[in-house]
Amino acid sequence: MILCVDQSEADREATRAALDSTYEVETTASLSDARSVLTERPVECLVTEYDLPDGTGLELIRAARNDAPDAACILFTDTPLDDIDTAAFGDVVAEYLSKDDPDAREELAELVEHALLFRNQTAYPLPDDEDARVAALERYATDPESLGDSIDRLTELAVALFDLDAAAVGLVDAHEQRFLSCFGISFDPIDREETVCTYALLEEGVTVIEDTSDDPRFEDNEGLQSADIRFYASAPVTTPEGHAIGTFCVYDDEPRSLSERDRELLSLLADEVMEQLTLRRRLRERGGGNDA
Amino acid sequence: MRDEYRFTGLPLADIRPGTSVLVSGPTHDGARSLSMQMLAGGYDEGAIIVTTNKRASRMAEDCQRFGIDVRDDRTAILDCVGDDDPDVPARVLPVSGPSDLTGIGMRFSDVYREFKTTDIDRVRTGLCSVSTLLSFGDLRTVSRFTHTLVGRIDKVDGLGVFVVDPSGHDEQAINTLAQFCSGRIEVRDRDGRTELRTRGLADQPREWTPFDAFP
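Chains A and B, in that order, give the protein sequences.
Quick note: the first sequence uses the working numbering, first residue 15, plus one each step.
Quick note: the second sequence uses the working numbering, first residue 61, plus one each step.
I should point out that these hints are in silico values taken from the structure, not numbers from a laboratory.
From a predicted model like this one, the values you see are computed outputs, not experimental measurements.
C-beta atoms are modelled at their ideal positions from N, C-alpha and C, and glycine is treated no differently.
Among the hints, erroneous ones may be present.
Mimicking DSSO-like on lysine-lysine, the simulated pairs with C-alpha atoms at most 30 Å apart in a straight line are [claimed, not checked]:
1) K176/B - K215/B
2) K113/A - K176/B
3) K113/A - K215/B
Just so you have them, the derived chain B footprint on chain A, three or more residues with Cβ under 8 Å [what the hints assert, rightly or not]:
4) 19-29
5) 101-107
Now the stretches of chain B that chain A is said to cover, found in silico as 3 or more residues with beta-carbon under 8 Å [stated by the list, open to error]:
6) 105-115
7) 120-128
8) 168-181
9) 189-202
10) 211-224
11) 257-270
Make the full structure from the sequences, and use the hints.
Here you go:
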């Protein structure tokens, strides 16, 4: 959904009209109303004026970076850039487009289309096969309940096998990592920019982070700190077509290494998860399309 | 099909519009020189250069030295340093500092649009340097900024050259930033000879190849 925020009703409706033939569009007139929408519904793209009755567009974008970190944010405004103080908002990052130009709304529509297609305001790199990967994920992950305890058995086995604190199997969708099983640890869904697996998906084979506090990508990661994770290793859960849709992860509270043999075993566990997902998918398809 | 970006006097093949590259190497060993030379385009092209640690007047001098035709209607310097010199021949646009990534990105979008209204639609963009941004900001913010700028350059069929000096930064940080770009050009000095090699770019030298750092 695209959220357009502008206190001028005429401008707001003109912006809506430029976008709503292609996208679902929600509009609000104030920062506070926009914040409510952001906390309640998934926003893919935020288009906001700078001058709002109860704050500025940059304040709103800062809030959006918290509630919808992957959203494309565009300051679409008739305030000239010289009159906007970005210094205090240097870390929010957003597009700027002047509303004055007669072609402004055409340009906005192009900018929104490009931003949604390429998702280039994420704070993390995307795999080359991102779209196909997410599509594959949807085919395999429709009914996690059907997996029963099968994945839980594997995470429990992994912890015993490697003599580590914890193990988890998570699937990484467009914006979040969701867990099919956790053993020795408990995770709610994690924003993609917060999870190590986001980076692991970009690598071939097994990823090992011997000390997460010694890696610039994760040294300030509060989620890892509160879960007391210092060591991370994962093997990709890869579909038969070659798309990595998730990871089989193991964790420890001390930095350590992982032997070649253990890396092979971790890969076998990940392959076993894929096998389970594939079998459940086949069962669903044989079952007469109840889930389709 | 848009014309590709050409590089005069460099051992680099033409590069497809919409491409951004990370140029990495010690600044004094030619990474900066290579980047500036890559930003020198034809008379119908514009250049937008972000300077994070050199005054705009010095940057304009460097541009001229490396073959960029500096004119205020087609050369913009986004100045994070602060330079009151009114005689810089380029269009100098102030940014509050190298931690103001929002300001840099928005200035870029705005000046690019201004160039376009004067029929300059081929623009080479240089960021000199990403190292300064990493020193002033956290990796996540610099990542989002880089991703956004690379996306914008792609959308407008531009050419992006992001300069980074890997010394003093963790290799993982550099690798992460390289992942946002289409490819990477590494620069080194070997016995007084500057060399480059590329990764991730089609039809470019993959083995160390000498180039002239002081043309």
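Closer than 8 Å, Cβ to Cβ, for at least three residues: run that test on the region 120-128 of chain B against chain A and report holds or violated.
violated (count 0)
For the region 189-202 of chain B, does the count of residues with a C-beta closer than 8 Å to a C-beta of chain A reach 3?
That given contact holds, which follows from 5 residues of the region 189-202 of chain B lying within Cβ reach (below 8 Å) of chain A.
Is the listed coverage of the region 257-270 of chain B by chain A valid when you require three or more residues with a beta carbon under 8 Å from a beta carbon of that chain?
Coverage by chain A is violated for the region 257-270 of chain B (0 residues, Cβ < 8 Å).
Please count how many residues of the region 105-115 of chain B have a CB within 8 Å of a CB from chain A and say whether that reaches 3.
It is violated: at least three residues are needed, and the region 105-115 of chain B offers just 0 whose Cβ sits closer than 8 Å to chain A.
Taking a Cβ-Cβ distance under 8 Å as contact, does the region 211-224 of chain B have three or more residues in contact with chain A?
holds (count 4)
Hint check: K113/A vs K176/B, CA-CA at most 30 Å. Holds or violated?
Holds, at about 16 Å.
Mind checking the alpha carbons of K176/B and K215/B for me, to see if they're no more than 30 Å apart?
holds, 13 Å
Holds or violated: K113/A with K215/B, Cα cutoff 30 Å?
Roughly 19 Å between the alpha carbons, so the hint for K113/A and K215/B holds.
If you count the residues of the region 101-107 of chain A with a beta-carbon closer than 8 Å to a beta-carbon of chain B, do you get 3 or more?
Holds, because 6 residues of the region 101-107 of chain A bring their Cβ atoms closer than 8 Å to Cβ atoms of chain B.
Examine the region 19-29 of chain A: at least three residues should have C-beta closer than 8 Å to a C-beta of chain B.
Violated - the region 19-29 of chain A has 0 residues with a Cβ nearer than 8 Å to chain B, which falls short of three.
Mind taking a look at whether chain A covers the region 168-181 of chain B? Criterion is 3 or more residues with CB to CB distance under 8 Å.
Held - the region 168-181 of chain B has 3 residues with a Cβ nearer than 8 Å to chain A, which meets the minimum of three.
Hints 4, 6, 7, 11 from the earlier list are contradicted by this structure; the remaining hints agree with it.
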